[in-house]
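**Student:** So the protein lines, in turn, are chains A and B. Count the first sequence with UniProt numbering and you get residues 1 to 276, in order. Count the second sequence with UniProt numbering and you get residues 1 to 276, in order.
Incorrect hints may appear among the rest.
[Unchecked claim] Now the in silico label distances, taken between C-beta atoms and shown as ranges:
| # | chain 1 | residue 1 | chain 2 | residue 2 | range |
| --- | --- | --- | --- | --- | --- |
| 1 | A | L268 | B | P165 | 54 to 62 Å |
| 2 | A | S11 | B | G271 | 27 to 35 Å |
| 3 | A | P235 | B | A56 | 13 to 21 Å |
| 4 | A | A125 | B | P269 | 57 to 65 Å |
[Stated by the list, open to error] Which chain A residues stay away from chain B? Per the calculated CB distances, all over 10 Å, these:
| # | residue |
| --- | --- |
| 5 | D3 |
| 6 | P6 |
| 7 | I14 |
| 8 | A29 |
| 9 | R40 |
| 10 | D59 |
| 11 | A60 |
| 12 | G104 |
| 13 | G140 |
| 14 | F192 |
| 15 | R210 |
| 16 | P235 |
FYI, nobody ran anything at the bench for these hints, they're computed from the structure. Treat the numbers as computed from the prediction; the structure is a model and nothing was measured. The C-beta atom is built at its ideal place from N, Cα and C for all residues, glycine as well.
Number of protein chains: 2
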Amino acid sequence: MTDLIPNLDGSSRIYAVFGDPIAQVQTPALINPLFAAAGRNLFAVPFHVTAAAFPATWDALAALPNIAGIGVTVPHKIAAAQRCDTLTDTAQAVGAVNSIQRDGEGRLHGALFDGVGFVAGLGDAADRLRNARVLMVGAGGAGRAIAHALAAAGVARLDLMDLSPQSIADTAAIANAAAGQEIAFPAEGGRFDHDVIVNASPIGLKGDARFPVPEAALEPGMLVADIAALGKITPLLEAARRRGCATSDGHDMLTAQIAIIAGFAAGLPAGTALVA
Amino acid sequence: MTDLIPNLDGSSRIYAVFGDPIAQVQTPALINPLFAAAGRNLFAVPFHVTAAAFPATWDALAALPNIAGIGVTVPHKIAAAQRCDTLTDTAQAVGAVNSIQRDGEGRLHGALFDGVGFVAGLGDAADRLRNARVLMVGAGGAGRAIAHALAAAGVARLDLMDLSPQSIADTAAIANAAAGQEIAFPAEGGRFDHDVIVNASPIGLKGDARFPVPEAALEPGMLVADIAALGKITPLLEAARRRGCATSDGHDMLTAQIAIIAGFAAGLPAGTALVA
Chain A
1 MTDLIPNLDG
11 SSRIYAVFGD
21 PIAQVQTPAL
31 INPLFAAAGR
41 NLFAVPFHVT
51 AAAFPATWDA
61 LAALPNIAGI
71 GVTVPHKIAA
81 AQRCDTLTDT
91 AQAVGAVNSI
101 QRDGEGRLHG
111 ALFDGVGFVA
121 GLGDAADRLR
131 NARVLMVGAG
141 GAGRAIAHAL
151 AAAGVARLDL
161 MDLSPQSIAD
171 TAAIANAAAG
181 QEIAFPAEGG
191 RFDHDVIVNA
201 SPIGLKGDAR
211 FPVPEAALEP
221 GMLVADIAAL
231 GKITPLLEAA
241 RRRGCATSDG
251 HDMLTAQIAI
261 IAGFAAGLPA
271 GTALVA
Chain B
1 MTDLIPNLDG
11 SSRIYAVFGD
21 PIAQVQTPAL
31 INPLFAAAGR
41 NLFAVPFHVT
51 AAAFPATWDA
61 LAALPNIAGI
71 GVTVPHKIAA
81 AQRCDTLTDT
91 AQAVGAVNSI
101 QRDGEGRLHG
111 ALFDGVGFVA
121 GLGDAADRLR
131 NARVLMVGAG
141 GAGRAIAHAL
151 AAAGVARLDL
161 MDLSPQSIAD
171 TAAIANAAAG
181 QEIAFPAEGG
191 RFDHDVIVNA
201 SPIGLKGDAR
211 FPVPEAALEP
221 GMLVADIAAL
231 GKITPLLEAA
241 RRRGCATSDG
251 HDMLTAQIAI
261 IAGFAAGLPA
271 GTALVA
C-alpha cells in the first residue's frame, strides 16, 4: 500500500492485530485508511504473536487504556474467543473470534465477522440466499462462520463437502442451530442442483486439488462465490465467469468485512460498518 | 501534527512508546516522519502503561519479533534500565534509560539520550563547552544525563543548584566519574562567573519559582540553555535574549534527541542520528 495516513500522536488509540505469521496480514493496510477517512485517531498495528506468546501478550495489551481493540488471525481465533468477556451469537456458535472491542471499562467483546463479511460482500446478490439451495466446499474455520451466516440469511438447504466428516458434522450443527431446523447435510456426490456454490476451502489458492464441481455443472443462473480468489483468479472463478454465473470473490468478502471490523474497533455495535 | 505518513502493513516494525500519562508525549508525532523519510517501515506507537502495568507490558512486547525497540518516559526510565540486557555508559552511570533497541536475537540495549541530545541541540555552540565553567540549575533525571554529557564534553567546572542536596551529590558523582576528576560542586550562592548556564529544572515551565540567576548577571558572552523552554518562551530565555546571550531551548534538545532516538530504534549504533 502506498496510501498516506495521518501521523500518530500520544493520544492515538490502537487496534492491535495479532498473527503468526503476520507479514502477509492485510488488516492494517486496509483498515487504517477507513479510520482516517472517518476522522478517528485510531490505528491498526501489527504484532507478531506466536501461540506460545499469545496469553501474555493478550493479557498485557488488553489491560492498556489506549487499546481500542484486538484483531486476531491464525492461529489465535479460538484461544481469543476463550479470553473474551462477551461473544456475539456467531462467535459463540463457532467458538472463534476475529475482532475484539475493548470498552471503556476494559471489558472485551468478541465477534467473528467472516460470515457477515461474506454475505455483505455479495452485495445485491445476497438477496438470492433466501430459500436458496447452497453447496459449500470447505467446512473449516471460515466455512463455519459462513454456514452460520447462510443459515441466518434463510437458505433452504446447505450441502457441505469437506475432507473431514467431523468438520462437516460440526458445521452442519452450527447451521442447523442457527436455522432452528435441519437444513445442513453432507453433500451427495454428483448431484449439483444448487442455486449458490461457495468455495470456503483453499482449493484454487494453494495445492493441486481441483474443485469438486465440474464446469459443465455450472449454470448461468447460479451465484458462485469463491473466497479463495483473493489477489488471483482461481479456476473456479474463471469457469463461473465463462459459464455466465454471477460471481463474488475473496476481495469482495475482505472489503466488506474490513469496514465492519473498522466499525467494531471504533466502538460501534457489532456488524455496523464504519463510514466516513 | 497534521503530517501524513506512509500506512502500516503486516510487515511493519514497531517502536513502542510507554508513558503514564501518554497523551502529551511527542515522540510518535516527531519520530514517524523521520522513519518515513529514511524509508523505514517502522512506526512509533503510544502505549498508556502505568507503573503497575509496566513489568507485564514490557515483558510481553519485548518478546515479539516485530518490536524494534521501546521508548520510555515518566515514570518508567529507572525500571526500564533494570530490565535491559546492556546499557550505554550514560545509562549505566545515571541508572536510567529512555530508548531501548531490540536486536535480532531479542536482546535489549538501553540508552539514555537526554544528555547527548542536549549537547547535539546546542549545534555549533557545543564547541563552547570545552573548558567552560558551567552552572546547572536542576539535578533531577534530565540534569543527571546532561551532567554526564557535559563532563564527557570536557567542561572545566560544573556548579550545581537543586532544592535537594542529595540530588546535587548524586549528580556531582556522575559528572566526576565521567570526567575522571573532581569537576562538579554545589554552586556557591551569588557567584555567577560562568560561561554557560543551563536550566535543567522545570522553573519557568510550571510553578511560580523564579530562576536563581538574576538578569543582571547574564553577560553577552554567555551561552544560556533552557530545556524548560519547550513550546513557550520562559522568563530566563527572554532575559538571555535581551542581554544578547547565545541561547538554546528545549525544542533544540528535543529535535536533536529525536533524530538520535530514531537512529537507535532503526538499529544504528547508540548516538547516531537517523538521516534520510
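**Student:** Now tell me if each hint is right for this structure.
**Tutor:** Here's how the hints hold up against the structure:
1. Between L268 of chain A and P165 of chain B the CB atoms are about 57 Å apart, so this pair conforms to the stated range of 54 to 62 Å.
2. In this structure, S11 of chain A and G271 of chain B meet the distance hint of 27 to 35 Å, their C-beta atoms being roughly 30 Å apart.
3. Range check, P235 of chain A to A56 of chain B: about 49 Å between beta-carbon atoms, so the 13 to 21 Å window is missed.
4. Remark: the range hint 57 to 65 Å for A125 of chain A to P269 of chain B is upheld by a beta-carbon distance near 58 Å.
5. Distance check for D3 of chain A against chain B: the nearest CB is about 5 Å away, which does not clear 10 Å, and the non-interface claim fails.
6. Distance check on P6 of chain A: its Cβ comes as close as 6 Å (rounded) to a Cβ of chain B, failing to clear the 10 Å threshold; non-interface status is violated.
7. Taking the minimum C-beta to C-beta distance to chain B, about 6 Å, the non-interface status of I14 of chain A is violated against the 10 Å cut.
8. Against the 10 Å criterion, A29 of chain A falls within the reach of chain B, whose nearest CB is about 4 Å from its own CB.
9. Every C-beta of chain B lies more than 10 Å from that of R40 of chain A, the closest at about 15 Å, which supports listing it as non-interface.
10. Remark: the non-interface label on D59 of chain A conflicts with the geometry, its nearest Cβ contact in chain B lying 7 Å away (cut-off 10 Å).
11. The Cβ of A60 of chain A sits about 4 Å from the closest Cβ of chain B, inside the 10 Å cut-off, so the non-interface label is violated.
12. Against the 10 Å criterion, G104 of chain A stays outside the reach of chain B, whose nearest CB is about 13 Å from its own CB.
13. No Cβ of chain B approaches the Cβ of G140 of chain A within 10 Å, the least distance being about 22 Å, so the stated non-interface status holds.
14. No beta-carbon of chain B is positioned within 10 Å of the beta-carbon of F192 of chain A; the least distance is around 38 Å.
15. Look at R210 of chain A: its CB is around 30 Å from the nearest CB on chain B, clear of 10 Å, so calling it non-interface holds up.
16. Every CB of chain B lies more than 10 Å from the CB of P235 of chain A, the least distance being 27 Å, so the non-interface label holds.
Comparing the model with each numbered hint stated earlier shows that hints 3, 5, 6, 7, 8, 10, 11 do not hold.
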